[in-house]
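Student: Assembling the complex is the task here: the two chains are given apart, and the hints tell you how they should meet.
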Amino acid sequence: MATHTLTPTTCYHCGDDCTTQQYTFDNKDFCCAGCRGVYQVLSQSGLCNYYTYNDHPGANRARLDKRFEYLDEPGVVSDLIDYTDSTMTVVTLYIPYIHCSSCIWLLEQLHRINPAIYYSRIDFLKRQLNLRFKNEEISLREVVELLFDIGYEPLISLQDIVKKQSTGKKDNLVKKIAVAGFCFGNVMLLSFPEYFGLSATEENFRQVFGWLNILFSLPMVLYSGTGYFTSAWHNLRNKVLNIDFPLALGIAVLFLRTVIEILTHSGPGFADTLCGLVFFLLVGKFVQQKTYYHISFERDYRSFFPVAVQVIDEEGKEKPVPLSDLKVGQRIRIRHNEIIPADAILLKGEALIDFSFVTGESLPVSKTLGEVVYAGGRQTSEALELEVIKPVSQSYLTQLWNNEAFTRKQDNRMKSFNERVSKHFTIVLLIIAIGSFLFWLPTDWHRGLSALTAVLIVACPCALALSTPFTLSAALSVFDKNLFYLKNTTVVEQLARINTIVLDKTGTITTGGNKAVNIHAELTTLEKQAIYSLCNNSSHPLSRQICQALGSYPLLSLQNYVEVAGKGLSAFVNGHHIKIGSASYLSQNYIHFGPGTEVHIMIDEVYTGAFQFKQSLRTGLENIFSLKPQIKFYLLSGDQDHEREAMARFFDHDGYMHFGKSPQQKLDFIKSLQLADRKVMMIGDGLNDSGALKQSDLGVAITDDVNNFSPGSDAILDGRSLNKLPAFFRFAKDAVGIIHISFFISLTYNLIGLSYAVTGALSPLIAAILMPLSTATIISFTSIATHVAAKKRNLL
Amino acid sequence: MSIIYFLIGCSILLALVFLGAFFWAQKHGQHDDLYTPSVRILLDDEPQEELKMMKVSF
Chain F
1 MATHTLTPTT CYHCGDDCTT QQYTFDNKDF CCAGCRGVYQ VLSQSGLCNY YTYNDHPGAN
61 RARLDKRFEY LDEPGVVSDL IDYTDSTMTV VTLYIPYIHC SSCIWLLEQL HRINPAIYYS
121 RIDFLKRQLN LRFKNEEISL REVVELLFDI GYEPLISLQD IVKKQSTGKK DNLVKKIAVA
181 GFCFGNVMLL SFPEYFGLSA TEENFRQVFG WLNILFSLPM VLYSGTGYFT SAWHNLRNKV
241 LNIDFPLALG IAVLFLRTVI EILTHSGPGF ADTLCGLVFF LLVGKFVQQK TYYHISFERD
301 YRSFFPVAVQ VIDEEGKEKP VPLSDLKVGQ RIRIRHNEII PADAILLKGE ALIDFSFVTG
361 ESLPVSKTLG EVVYAGGRQT SEALELEVIK PVSQSYLTQL WNNEAFTRKQ DNRMKSFNER
421 VSKHFTIVLL IIAIGSFLFW LPTDWHRGLS ALTAVLIVAC PCALALSTPF TLSAALSVFD
481 KNLFYLKNTT VVEQLARINT IVLDKTGTIT TGGNKAVNIH AELTTLEKQA IYSLCNNSSH
541 PLSRQICQAL GSYPLLSLQN YVEVAGKGLS AFVNGHHIKI GSASYLSQNY IHFGPGTEVH
601 IMIDEVYTGA FQFKQSLRTG LENIFSLKPQ IKFYLLSGDQ DHEREAMARF FDHDGYMHFG
661 KSPQQKLDFI KSLQLADRKV MMIGDGLNDS GALKQSDLGV AITDDVNNFS PGSDAILDGR
721 SLNKLPAFFR FAKDAVGIIH ISFFISLTYN LIGLSYAVTG ALSPLIAAIL MPLSTATIIS
781 FTSIATHVAA KKRNLL
Chain V
1 MSIIYFLIGC SILLALVFLG AFFWAQKHGQ HDDLYTPSVR ILLDDEPQEE LKMMKVSF
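Just so you know, the sequences run in chain order F and V. Take 1 as the starting number for the first sequence in UniProt numbering and just add one per residue. Take 1 as the starting number for the second sequence in UniProt numbering and just add one per residue.
Note that these hints are calculated values from the structure, not bench results. As the structure is a computational prediction, the values presented were derived from the model and not from experiment. Incorrect hints may appear among the rest.
As the list claims (entries may be wrong) - Have a look at the derived ranges for each label pair, beta carbon to beta carbon:
{"hint": "1", "chain 1": "F", "residue 1": "L198", "chain 2": "V", "residue 2": "F23", "range": "30 to 36 Å"}
{"hint": "2", "chain 1": "F", "residue 1": "F286", "chain 2": "V", "residue 2": "Y5", "range": "32 to 38 Å"}
{"hint": "3", "chain 1": "V", "residue 1": "I3", "chain 2": "F", "residue 2": "A776", "range": "33 to 39 Å"}
{"hint": "4", "chain 1": "F", "residue 1": "S86", "chain 2": "V", "residue 2": "Q30", "range": "27 to 33 Å"}
{"hint": "5", "chain 1": "F", "residue 1": "P726", "chain 2": "V", "residue 2": "F23", "range": "46 to 52 Å"}
{"hint": "6", "chain 1": "F", "residue 1": "H265", "chain 2": "V", "residue 2": "Q30", "range": "43 to 49 Å"}
{"hint": "7", "chain 1": "V", "residue 1": "I3", "chain 2": "F", "residue 2": "K481", "range": "52 to 58 Å"}
{"hint": "8", "chain 1": "F", "residue 1": "H265", "chain 2": "V", "residue 2": "Y5", "range": "16 to 22 Å"}
{"hint": "9", "chain 1": "V", "residue 1": "L42", "chain 2": "F", "residue 2": "P115", "range": "22 to 28 Å"}
{"hint": "10", "chain 1": "V", "residue 1": "L42", "chain 2": "F", "residue 2": "K134", "range": "26 to 32 Å"}
For each residue, glycine too, the CB sits at the ideal point set by N, CA and C.
With the rest of the complex left out, here is chain V (with noise of 0.2 Å):
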């Protein structure tokens, strides 16, 4: 049963890893804005040439 010391010390090592990704996050600004990244996903590099005709011709 000591194996459980050493299961505990990695479960322990394994959040602080977490921890410590989640204050990196944190550091970098990623959880600064959590509305533009969703928008700007939805922004094609350059839409369809039928769009573009649509509005166009409208």
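Isolated chain F, as found in the complex (with noise of 0.2 Å):
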């Protein structure tokens, strides 16, 4: 009998402990054959200086499938591909796991595993894989398996097919700012002279320069400056007075007025305060855009769903079809850890489905035959045969998905301070313009249009256009930092203003991988280890539970080793027969323990006792219940009751608890806490929960693995920052109060230009001087500000 002593050793792949020690190669151990597989293919290519740059850089393969059929489907080729033609195709492929630079070489040596691929360059923070290959002597079907057997699964979804067809949105930001630059520092260049004085010799050289001024500006107003104009029409159209029009106006007027005084010789213009407005206004947007680019996540329910199904025919033979083909009526085979696509009757097979994307249970569920199963359930058991009765766009989760809260625009509910002050200010501005008119009309009417055109030129509101950005740009990557992905910015100025916090239960109070595990049973040390040798074997997740619950044994041999997919586990061991599993796989008597998922014990046929496994509570858990008198908490469950007791100490009284709510029900109730005038942030994982999370003001999804899941939410939360949630709504509070300073002070400069400006007498070099002081001032107190509330709140 080889028995041998466990020394706790990692995978030389992945970097996962080893609990056995079956799979060694080279002198190197593994966690599992997918790990040593991978490595025996990076070896015969010579690549194995993946291993030098990184420790570990694999990602572990224990629990990966590998069904790429669908891949030879020219329908489904068609829409992944980005180009082809008869000698080579080129493909872009999502690849989640790239996470290291040894990825980044790896994934650029693919021509030395097959020369076919010759070229393939990685776009490191899209986490995107672009590949052009022989299509002659590589299929992508080849492409992507070679790629699952190195270990880096390409994540292929309905998303990417649908999601090609709603690019081409693109505006050319970058080129506005060039433009805007090149333009700027020619105008400042040739306005120097004017601002030293030219001598009465030089006055031809005024002309000259106030002409090229007047081109250099052309540019600004007709290409860079646009965007300003149109969203100004727009909002106006909609009767709606947002910053834009100010801007819009300020741009107009400063052209107007300087193509007017160059022509009439009356005055230098305003050319370069116009090209710094637009220059620095782009700028701001830029930073902006460039906070939250890498972040984009409109990932919806597609994402969750196959690109194809297998589907049986006639002669019963299996054929995969793409998801957008299947029609009712069809017969279907789902296999182990596939999602069930549409609703469907079980016709064959052990369904044992884990529902809890639709349910936020997070224990299987088993289906008898002749059942229907919803869409959006993913087998953990064999493969089943299902018969399609419901076709795609109408089973229960599209219904749900396609509930009003998610084709509802964002931006009607997010209404930012910005919006808000910016209607008022464009008031108050026309007002003191048309004033200061009125007041000189009667006695100089030249004055009054000048003043009027000043007013509107030095009240431009650049920096206020600039202070809402930059702050919440800055407050955008100190939640970054902090592992709160938020989708825009806006979102942290609702974080300021939310008063009640809606909580799901699993999965985000409790978590569902780590679960501690209670032994109701009196073992002795050699039944621990027979009974760790037989888990040992499964791979099961509840089996490697138990493994680590017990502790190390040496490893027993054992004899019919028996694993029922969903049961149990039968072997024996020394002459004893171990069987343990569900109460049903023992099919004796037992004891029930109390709440949560038990696996029982038998040995030689007598019932010793059961495992069992409580969900244990986040951590950092007790922390954001510290914000209990401002905020309000609510518990919005799909699961049963079974842990009330447990959740009692968290949530004052009964009323604030809500159990075995369907995932319209969750929605429904935060509609009617909105109903009662309160600003809801949901928190929640799964996509039972992605209907509340779109109706509530600020949808918060958790998760461990954050490229792992992310539903149509306006910020991902990680795990492991739950417990500074505290301090994410006070540093969201400080930036808030952040852009109320900045606006003051924006306010006071242009107090000052005002003051100037209705008398009349502005010179371009005051309005020169002002609004680029301005704009950084601005600038530099909102980072230096957001830095040291980031500090005060430990988040930096």
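Tutor: Next up, the structure:
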């Protein structure tokens, strides 16, 4: 009998703990056959340098499936690839496992594994791989399988196909900034002589410079600044006064006055102010875009659905069919770990379906033959045969997703401080401008006109427009560093206004994966060793947890090992018959030890006891309830209420806890809170919450793996940072405070400028100094203040 | 002083050349990915033998 002593070793490939020593190769330990396989592929191609750039660079390969037949379907392929001709194909794949420099190195060396792939480039931040390959020598399916073999399975989902069609909206902001910078620089240079003064003999320069200034201002107004005009026009048509209106007005007035002054030889115009204004505005916009560029997560339910599904035809043959072509009455085969794409009747196979996406209940549900299985469940047991009864677009989940909460425009509910203030600002500005015009009109209409234009120029809310994006972008990157990823800047302001938090239970308050194990059995060391050896052979998550709970023992050899998927394990160890699993598997009397999942033990046909798995609370949970007096907390769970007591200490009384809610009921509950004038923040995970997440004022998806999950929410919170939530709230409030102060500063500058402007005696020099000075003050104030605030809240 | 017209012309022309070069780089995707190249440049074609030995022995 071979007994090994288990010393804790880590997998050479992925760095996980090795629970067994079965997988060794080249004197290296691996945690599973998958990881060893990857190492073998790499070492055969002489690509082991992969391991020199990082320790354990690989991703764990233990539980992945290999189903890529659908990539042979021409219909699917043509939707996925970027370009193809008779010799080569270009494709861009999203690979979530890209995480370090070793990945870059390996994936860019693909040509050494297969020369038919002659070009591969990674975009690290987007986690995309751009490939070009000779399509006569290798097919897309083979390429994807090769990537799978080396541990980088691309995530190909319906999203990839649907998204293709919606692209094409691309603003060339960088180009606009380049043009603006070019003109701004030249105009500044050409305006210098004007400020220093020209002697009478050099009068003709003035005209030339003036003309050149007009020439350079033209692309500013006609190209770089057009966005402000169209936006202002759109808003006016919708009867909204936003900050773009005074900006557009300012740009127009600046340009007209410059042209008129130069043409009539009455002055030098404001060409440099104009160019500086547009340039700074565009830079502000760019900073804002850049900050949340890499955390764009417009992924919705489609990213969970597969591209194709295996359909069984009359002759019993399987054929992959694109999801969109799936029809009612077709028979489909769903294998282990695949998602059921449409409501269907179970025809064959043992269904054990994980509906955590739909209901939040983390325990797999078993279904009997003939029962309806709803879309969105993930099969966790053997392969199934199902008959589709509803087309994909009408199934249960899509119905929920098609709810109005999803189709509604996001912008309507978020009215930022900026928008509210700019409306009043614009009105006051117009009143002052017209007032000063009317004041001067009886005595000197010329002066009145110049006062009118000067007011519009000097009050042009450049600093005002910049303060919000700069503050919020800085705040966003602080959140980002603390693993709280916000969709855009308005979320920060929304966060500061929240007064009600609704929490989902499973996966939010409790973590699904790390459950505490209670052993309700008297076991001898030998029995423990036997159970350990038995469980070690199974990759089921519960078996692995039992192994962890028992500690490590030398492995014993097993005879007649049987694993019934979704039920339990049995084997003979040292002549003893060990059987562990669910109550129905043991087919004997058993003891129920209370709430939670139980795995029962039977040794030599005698019931010995059970392992009880308790869902553990997320660490740092107590912290968030420190917000309590100001913020009301609700619990909203899809689960049944068997953990009501455990939750009671967090929530004031039963009225704050709601169990057994369906996704639609969750959504309605949020709606009812909003009708009571609450600003609701919903924290949840799983697709079953996505309706509620969308409906709430601020939907936060909580996840332990940011790449793994991102429904249509406003923010993603990494589970590890849940305890920082109170700090996030305070910091969001700080950020809004900083915006208010910077508005005040910018208004002070405007007032100083206005006091010159209303007299009609605004010189271009003052405008040229005041404008960039206010911008610089605002930018430096906001960035320093946000930094200080973040430090104060311990977020930096 | 008329030379200044020529000089201004020259400077604008030069600036236009740079603007054109920027547009060219933009069009060819040189600003699409600003992070990966900075990592890629650190990856040697063949790391030194000692490094390899070190890893194997540990």
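Student: Take the hints in turn and mark each one as holding or not.
Tutor: Verification of the hints:
1. Judged by the Cβ atoms, the range 30 to 36 Å given for F:L198 and V:F23 holds: they are separated by roughly 35 Å.
2. Taken as a hint, the range 32 to 38 Å holds for the pair F:F286 and V:Y5, whose Cβ atoms sit roughly 35 Å apart.
3. A beta carbon spacing of about 35 Å between V:I3 and F:A776 agrees with the range 33 to 39 Å that was offered as a hint.
4. For the pair F:S86 and V:Q30, the supplied restraint of 27 to 33 Å holds, since their beta-carbon distance comes to about 29 Å.
5. Under the hint 46 to 52 Å, the C-beta atoms of F:P726 and V:F23, about 48 Å apart, fit the expected range.
6. Taking the beta carbon of each, F:H265 and V:Q30 are about 45 Å apart, inside 43 to 49 Å as hinted.
7. At roughly 55 Å, the beta carbons of V:I3 and F:K481 sit within the given window of 52 to 58 Å.
8. Roughly 20 Å separates the CB atoms of F:H265 and V:Y5, a value that falls within the hinted 16 to 22 Å.
9. A C-beta distance of roughly 25 Å is found between V:L42 and F:P115, which places it inside the suggested range of 22 to 28 Å.
10. At roughly 30 Å, the beta-carbon separation of V:L42 and F:K134 lies within the given 26 to 32 Å, and the hint holds.
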